[in-house]
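If you read the protein sequences in the order shown, they are chains A and B.
The opening residue of the first sequence carries number 1 in our numbering; numbering runs sequentially from there.
The opening residue of the second sequence carries number 1 in our numbering; numbering runs sequentially from there.
The reader is advised that the hints may include incorrect statements.
[Said to hold, decoys possible] Here are the simulated distance ranges between beta carbons:
#1 B:Lys-468 <-> A:Glu-54: 49 to 55 Å
#2 B:Gln-211 <-> A:Ser-56: 30 to 36 Å
#3 B:Gly-313 <-> A:Thr-26: 23 to 29 Å
Because the hints were derived from the structure by calculation, they are not lab data.
Just so it is clear, CB atoms sit at the ideal spot from N, CA and C, and this is done for glycine as well.
Below are the chains, spelled out letter by letter.
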Amino acid sequence: MTSQEIYSALAPIVEQVLQIPKFDETTSMYTAPMWDSLKHVQLLSAIEKKFDIEISADEAFKLTSAERLVRYLQGAIDKGTRS
Amino acid sequence: MITTAWPLLPYQISAKPADLLYTNFRHLLHAKMQEAPDREFMIFPETDRRYTYREFYDLTITASEWLRPRTRAFGTISIIFRNTPEFLSIFFGAVAHGINVVPINPDLALQEIRFIAENSDSEAVFYDAELKHKLAPLQTEMPAMKFHPLADVADMPKVDVVAVEAALPDVPPTTPAAIIYTSGTTGFPKGVILSHMNFIIDGMGMAEWFQFSPATRSLCILPMFHNNGLVVSLTTTLYRGGSIVIIDPKASLRSFWALVDRYQCTHTSVMPSILAAILALGFEGRPGRLQAIICGGQLLPLSLAEKFEAKFGIPIFEGFGSTEATSYSCFNRFPADKRKLGSVGTVLPISDMQVVDENDVEVPDGTEGEICIRGANVAIGYHKLPELQEMKFRGGWYHSGDYGLRDSNGDYYFRSRKDDLIVKGGEKIYPAEIENVLSQHPNVAESAVIGIDDPILGQEICAFARLKDNSANSEADLLAYCAKSLARFKQPKRIVITNRLGDMPELPKGPTKKILHRLLRQYYEKRLANSEDMETLKWVLGSQG
């Protein structure tokens with residue numbers, strides 16, 4: 001998947017979980033006040049289901065922005081970690 | 001040299017004055033750097049940045065030089081950062097100039113940030129460059145305020161450390177180091193002024209209590225813009241030359257055990273809501289070298305502590321304190337077998353505590369009253385609030401507003417607060433802050449806000465609003481209105497429009513027409529709680545399925 005395709009696939013999930021009007025490359029824990037600690041847990045769970053991957057606890061704390069999420073997902077998909 | 005060698009305020013003098021080995025933050029950091037320059041000091045897992053004591057000391061000197069043309073020695077600045085090296089280098093760099101630093105929560109609404117920056121008399125605002133878009137409207141509204149973005153400490157020009165530090169002023173220990181803003185009963189946040197001495201003495205008290213050493217590795221998952229992060233994680237560990245793993249609080253929950261394990265952390269400081277969430281979400285993990293969990297900021301239910309300890313085998317040490325006493329003044333006894341569970345422990349050697357009646361007379365052990373604190377950890381006072389200062393810092397003691405008792409063994413028990421303070425996940429929020437916002441809505445005639453039980457956060461916020469005649473606003477309208485002016489954590493979970501309640505169309509009032517929050521709490525518990533009290537837990541657990 002290209003990064004644009006990942007953005008497109010992520011957008012509805014992030015927008016629904018965080019209850020934000022628009023997910024784009026500027027979205028982060030900083031710019032979206034709704035993105036709190038419990039929502040972070042819920043968001044990662046929803047992403048795992050959508051992409052059929054398992055996000056390790058060693059990575060979960062780094063996924064704090066759109067850019068980081070997309071980069072991580074691209075890497076995970078490229079490495080064939082989909083199960 | 002003992003603390004009384006400096007001019008102390010009456011409520012900063014305890015029966016046993018403590019030894020103040022380091023007079024200010026730079027002195028403390030410099031001493032620890034000289035002891036072990038190559039020892040690891042700070043680790044930031046989110047960005048994989050690590051600093052030894054020498055590297056971090058040099059960084060703070062670099063930051064102090066970067067700040068010099070942008071600030072004034074012994075002035076005041078606001079800083080808006082997450083838990084990053086940028087926050088800490090600016091903090092240490094500024095206090096090295098005797099500058100009073102006002103850390104601001106990046107999640108606050110713009111008008112809340114503006115209030116704090118203006119109320120504190122800040123001369124400049126330093127902020128994470130990632131916040132540029134958010135803060136842009138403030139820069140337009142506040143043309144006289146200087147705003148300085150900082151993306152990366154590595155962007156600061158390198159300096160001759162020896163030459164720069166030689167030009168730094170001698171900062172006396174009683175100099176203000178920070179103004180920490182907390183919720184205020186008047187509806188506006190109040191600034192608590194803490195000196196270098198306050199931080200160092202409180203940090204020393206806890207470091208000695210828990211027998212910290214250079215081998216101590218703290219996991220900091222609480223925000224540095226609050227005193228808990230700055231004192232319990234940072235100053236205590238620094239005081240004994242240990243190391244700190246620092247992470248963004250909002251990103252840490254799911255990774256708590258992984259961080260403990262990977263970085264071999266020995267101590268951490270949490271709010272009870274974090275322990276509740278870890279249990280409720282079923283996060284498993286290996287405690288590794290974790291020896292103690294320091295816990296406070298809100299009531300720790302005994303059942304939660306027992307369940308957590310039974311599952312993970314790590315002792316929880318509950319404490320009691322307040323921002324006005326820098327952080328903690330009292331802790332469960334150490335080691336774990338000396339604790340009295342259900343108690344908030346006994347007073348640290350750095351301060352004195354007593355329980356008094358309504359006439360400020362100390363009551364016998366076992367009798368409930370207001371808990372008071374004095375000692376070198378007690379703040380200079382409130383910023384520009386002389387009446388509140390006089391009321392809370394009177395008779396040589398800080399009067400906490402927390403009610404409890406002491407038993408015959410000297411262990412304290414917290415019981416309640418006399419006012420309506422809400423403690424949500426450790427964040428303290430006075431109803432007046434939210435009521436002030438709701439009262440500005442054109443269709444709200446009156447409102448009242450209460451704390452309601454929440455299975456994870458301890459308390460949530462519920463507002464009651466009576467609309468002006470014929471107003472058709474919905475609960476969602478009022479929630480959206482609050483979201484414009486209040487940080488996310490202060491926004492009510494629920495707003496009840498009383499006009500639409502058959503049995504309580506008006507807010508209950510006493511003879512003086514004052515709204516009776518107590519009756520609202522009773523009403524909520526009887527009529528509304530059943531449908532609400534487990535909602536958060538179900539919602540979060542549902543996300544795991």
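Evaluation of the provided hints:
no., hint, result
1, B:Lys-468 <-> A:Glu-54: 49 to 55 Å, "holds (53 Å)"
2, B:Gln-211 <-> A:Ser-56: 30 to 36 Å, "holds (34 Å)"
3, B:Gly-313 <-> A:Thr-26: 23 to 29 Å, "violated (43 Å)"
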